[in-house]
Amino acid sequence: MNESRNKPLSWAVVGGGFAGIRTAMLLAQRGEQVTLIEAAAGLGGLASPWSIDHVEWDRFYHVILLSDRYLRSVLKELRLDDEISWVQTKTGFLASGKLHSLSSSIDFLFFPVLNWLQKFRLGMTIFAGSKIRRWKPLEKILVEDWLRKWSGDSTFEKIWRPLLQSKLGDAYQRTNASFIWAYIQRMYSARRSGLKREMFGYVPGGYRRIIDALGPHLDRLGVNVQTGTLVQSVSRDKDGRFQLGIESKGGKSEEAFDRVVLTTPSSQIASVTAEWTDDERNRLTDTEYLGVICTSLLLDRPLAGYYVTNLLDPGIPFTGIIEMGAILPMDKLNGNYLVYLPRYLMSDDPGFHEPDSEIHTRAIQTLKGIYPGFQSEWIRGIRTARAKSVMALPTLDYSNRRMPVTTSIPGVYCLNSARIVEGTLNVNEVIRMVDEEFESGIWSPHLALRDAKHA
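Residues in the sequence shown are numbered from 1 upward in steps of one, following our numbering.
Treat the hints with care, since some could be wrong.
Said to hold, decoys possible - Lysine to aspartate or glutamate pairs mimicking EDC-like chemistry, simulated, CA-CA at most 20 Å apart:
| no. | residue 1 | residue 2 |
| --- | --- | --- |
| 1 | K140 | E422 |
| 2 | K388 | E354 |
| 3 | K119 | D82 |
| 4 | K388 | D170 |
| 5 | K158 | D170 |
| 6 | K332 | D153 |
| 7 | K238 | D219 |
| 8 | K76 | D170 |
| 9 | K119 | D145 |
| 10 | K332 | D300 |
These are calculated hints, taken from the structure and not from any lab test.
Model the full assembly from the supplied sequences, consistent with the hints where possible.
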């Protein structure tokens, strides 16, 4: 048995998003031989950057909270945490065609959408959600039922239903209450004690800077990074090792590993091997994903200055308005003001096939209706990104139906973002998920030895 550990086990980590990156880091730090395999041309997954009119920033909107201790721990490893720029932000609401600030207690008192009783019940809902620690019972309650109980029917109709529909579409009717609990927990923790102001941050250079720092760091840890490499199949040879069928620019080939960690979306994991049990295959294929269509605009001036503008009016073709420029000074983007217009929808929605030109035309017309005086000439660049598998839909009793990390195939593990049940999907929660699995001892050297013995 000791001979099994005379040399490190070889691990293939499939998927170069932050779940795969963090898994590779921790395995390498434990002394394993790790290969990180990503189908795209670069690492980062949903956090990867791109360019709009020669300006490079994140494809999808990301922000760092003061309370994001798992992400900030990684940034400390990369010596980037001290470089985070922190900004106090404002939140807006669009209701009946008018913009309202909801960024302070005073704003809340004068918020015209709700009367005093409705404001009291809304405040109690958020306060109660912030104090709940046992989230598991919320999985057995529909989010609509929980919100109606705490906020009342009128507040639900005015505030919660529009917000849920903009984020989840009609799927909100099947979503459990832990979804809104996780959202309340994250946003409540974003506020400093005392003034209770939202403090959000960013690393200068965005996730491009973080990913550029991760490359040399993974190299120092001894991780072999293979990008532009698609894993098509996982099978076992007669010696019990795993043969990965891969396709890259060099053509198709196979590579052998002692262990495999799959971090890609569940539908992809379901298709890579025929060895899943019926229960495992059902868990993977039954996972429903929300996707996002996110339009980025570079403007020559600000809009309203809110980081997030929540949209209560019906018929708007995006979930919210994210003014990244409210956090990121224009001089950091060559004098441009960056705005994101995300639209969340189920992964099989035909909207994913709509041409960019139609999305852009509708977005510009909508902005003209929201912001008086908005002109197409303000736009210096516009581009739309799509991702079909962003967040697993947390339906009733979801945590008991997700795919286990340890599978029926000894030496094959599943660790993707669909396992997140105690938080909203963001980079901090992905890193937290991976760290907690390692802290639980599930991939301890002792387990690796046991797997080697029974493989």
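Against the structure, the hints come out as follows:
no. : hint        : verdict
1   : K140 - E422 : 14 Å, holds
2   : K388 - E354 : 13 Å, holds
3   : K119 - D82  : 39 Å, violated
4   : K388 - D170 : 17 Å, holds
5   : K158 - D170 : 16 Å, holds
6   : K332 - D153 : 45 Å, violated
7   : K238 - D219 : 32 Å, violated
8   : K76 - D170  : 41 Å, violated
9   : K119 - D145 : 19 Å, holds
10  : K332 - D300 : 13 Å, holds
Violated hints, in rising order: 3, 6, 7 and 8; the structure is consistent with all others.
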